[in-house]
Amino acid sequence: MVSDQIKETEQLEDIREIVEKIGSTRADLIPVLQEITNKFGYISQLAIKELSDLMSLPTKEILSVATFYRMLSTQPRGEHIIQFCESAPCHVVGGREVFSALQDALGLEPGQTSADNKWTLLTTSCLGVCGIGPVILVDTDMYGNVTSDQVKNILSRYD
Amino acid sequence: MTVRSMILISNDPESRIRGSEKLFSEFQQQLAHYDLADEVSLTLATDLGSSYASPLVIVYPEAVIYGPITVADVPYIVKEHLYKGRIVDEKRAPVHELSGKVAWLSAREGTLPAENRVVLKNVGVIDAEDIEDYIANEGYQALGMALEMSPDELIDLIKASGLLGRGGAGFPAGLKWSFVKNTDSDKKYVICNADESEPGTFKDRVVLEGDPHAILEAMLISAYAVGADEGYIYIRGEYQLAIERMETAIQQAEQYGFLGENIFGSELSFKVHVHAGAGAYICGEETALIESIEGKRGEPRNRPPYPTTFGLWGKPTLINNVETFANIPPIIRNGSDWYRSLGTASSPGTKVYTILGNVNVTELIEVPMGITLREVITIYAKGMKSGSFKMAQTGGSSGSIIPASLQDTPMDFDSYNKTGVSLGS
Ligand SMILES: Cc1cc2nc3c(=O)[nH]c(=O)nc-3n(C[C@H](O)[C@H](O)[C@H](O)COP(=O)(O)O)c2cc1C
Ligand code: FES
Chain A
1 MVSDQIKETE QLEDIREIVE KIGSTRADLI PVLQEITNKF GYISQLAIKE LSDLMSLPTK
61 EILSVATFYR MLSTQPRGEH IIQFCESAPC HVVGGREVFS ALQDALGLEP GQTSADNKWT
121 LLTTSCLGVC GIGPVILVDT DMYGNVTSDQ VKNILSRYD
Chain B
1 MTVRSMILIS NDPESRIRGS EKLFSEFQQQ LAHYDLADEV SLTLATDLGS SYASPLVIVY
61 PEAVIYGPIT VADVPYIVKE HLYKGRIVDE KRAPVHELSG KVAWLSAREG TLPAENRVVL
121 KNVGVIDAED IEDYIANEGY QALGMALEMS PDELIDLIKA SGLLGRGGAG FPAGLKWSFV
181 KNTDSDKKYV ICNADESEPG TFKDRVVLEG DPHAILEAML ISAYAVGADE GYIYIRGEYQ
241 LAIERMETAI QQAEQYGFLG ENIFGSELSF KVHVHAGAGA YICGEETALI ESIEGKRGEP
301 RNRPPYPTTF GLWGKPTLIN NVETFANIPP IIRNGSDWYR SLGTASSPGT KVYTILGNVN
361 VTELIEVPMG ITLREVITIY AKGMKSGSFK MAQTGGSSGS IIPASLQDTP MDFDSYNKTG
421 VSLGS
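First to last, the protein sequences are chains A and B. Residues 1 to 159 in my numbering are what the first sequence spells out, letter by letter. Residues 1 to 425 in my numbering are what the second sequence spells out, letter by letter.
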């Protein structure tokens, strides 16, 4: 319990710092939520409450914005986030096969996080690099021209 | 009296050792001598980025780079260049070797007869992270020329060029600018729509990554035309490199005085922000994009009112696509007749396309408007990989399906609309 409280206090301090750095006007809300997602992996209830005070916005309003954007998350996510492009141009150059290889290797459905909290699997629309499809994005590392048998090798880089 | 030229003197530590401040006062005296002090603005720029020929002196709007310059050179440069209007060739800085760090496009300019680069002229050729590379390639010259025109003259020039918006709808750019210009307001905004999320298109990304200053220069020009003093570049969050390069470009432009207060000594003041998208396809739609910058869910507004009268925070707002903006500096530099010599009568200029699919070469091309799909496939994509051509899709996944029967229809807004299909973005 005590350590939980320490964690909470630390998180609140970090959130205050983020708001101080970015700003507390309405226009700053999305950049602030982006930063919180990057830092903690997701936007917790606690974070939303604190932001509500700091930015003078109803919690409902913050939640409604936080759930609208795909790059923001209100659910805990894994240590590494894998995004797979599911748009047609990648699909037609073998994306479907690569995606099932990826799902098999991870044992995850899109949107799920692994039990050990290591991976979250997400699908995304076109990442604008269709010239080298199929494309997998792990955190900020981009892999292009991926084939099914490369999937395991890519994942092993994050061991 | 309006300022017609601007002189930048490098004032980095090295230039300072070599007497940049003395240069400054000598320029002041000489300008006063020729009675040019009111017409020529003089600035000690913190750092012109390179010491290869310091101290450097850059004269706008011609964007001539002189260097290394000593006090003894100043009277001659002022007399010849500023007074008589003749560039002093023998004092120009040696040609700066371009580092060419942007290597995305294969260096194949000129290999195909029809390829005419306007939008992609600098992409893959200059170092996108070095403002000097841009300046050495006519960069910020169009801004200087634009500031010598009145906003109305400028808008007339864009109208005369016939430039149509490249964000999908093909709306005449000059007309949109005039709507914003003609709406009275104490505050106006300019937004660059760089949300590019049509699956299969990445032309805007390549421009943002390869030539970010061209977008800043175009936004500055449009801000002057419509009377705005603040701008946003809304870049989709996934385009990390584009976001970083644009932020670097903004910093450099601020350092050089291309962004800030009273640019080139004119009444134009402009600041610009990068807004990274948070992942929502719909935010490419201009009113949803505005909501998103305001910190809300990116849901489209009912229209009218249109952003030109009621945009960001309710203020008149000009929104153009990346590729639309990228056409502005070349139009100003070369004129509307030149622009109309490219493309078709109803859709002047060029269009950047990404070619993807069952073809031999998938790539990014820039071609004159009005080229046919057959030409794109046989010449640029080097033919179908297998089988014969059945259909193609334009402008991303929400564009149109173009059947084989239309492969000889010119690809321009008008011809496509007439046959009931759309060119898309
Ligand atoms: C669903 C939807 C998505 C859009 N996405 C984009 C986009 O990604 N980029 C863009 O420039 N315009 C997009 N547009 C068009 C914009 O609303 C707007 O017309 C455009 O930015 C205007 O710029 P232009 O006049 O230079 O073409 C989209 C429109 C709709 C309806
Ligand atoms: S469709 Fe996958 S990156 Fe564009």
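Treat the hints as calculated values from the structure; they're not laboratory data. Check the hints yourself; a few may be wrong.
[To be verified] Derived Cβ-Cβ restraints for the label pairs, each shown as a range: (1) A:Gln75 <-> B:Glu62: 54 to 62 Å; (2) B:Ser346 <-> A:Gln75: 32 to 40 Å; (3) B:Gln29 <-> A:Ile132: 54 to 62 Å.
Glycine included, every Cβ here is placed at the ideal spot set by N, Cα and C.
Comparing the hints with the structure gives:
1. A:Gln75 <-> B:Glu62: 54 to 62 Å: holds, 57 Å
2. B:Ser346 <-> A:Gln75: 32 to 40 Å: Check failed, 51 Å falls outside 32 to 40 Å.
3. B:Gln29 <-> A:Ile132: 54 to 62 Å: holds, 58 Å
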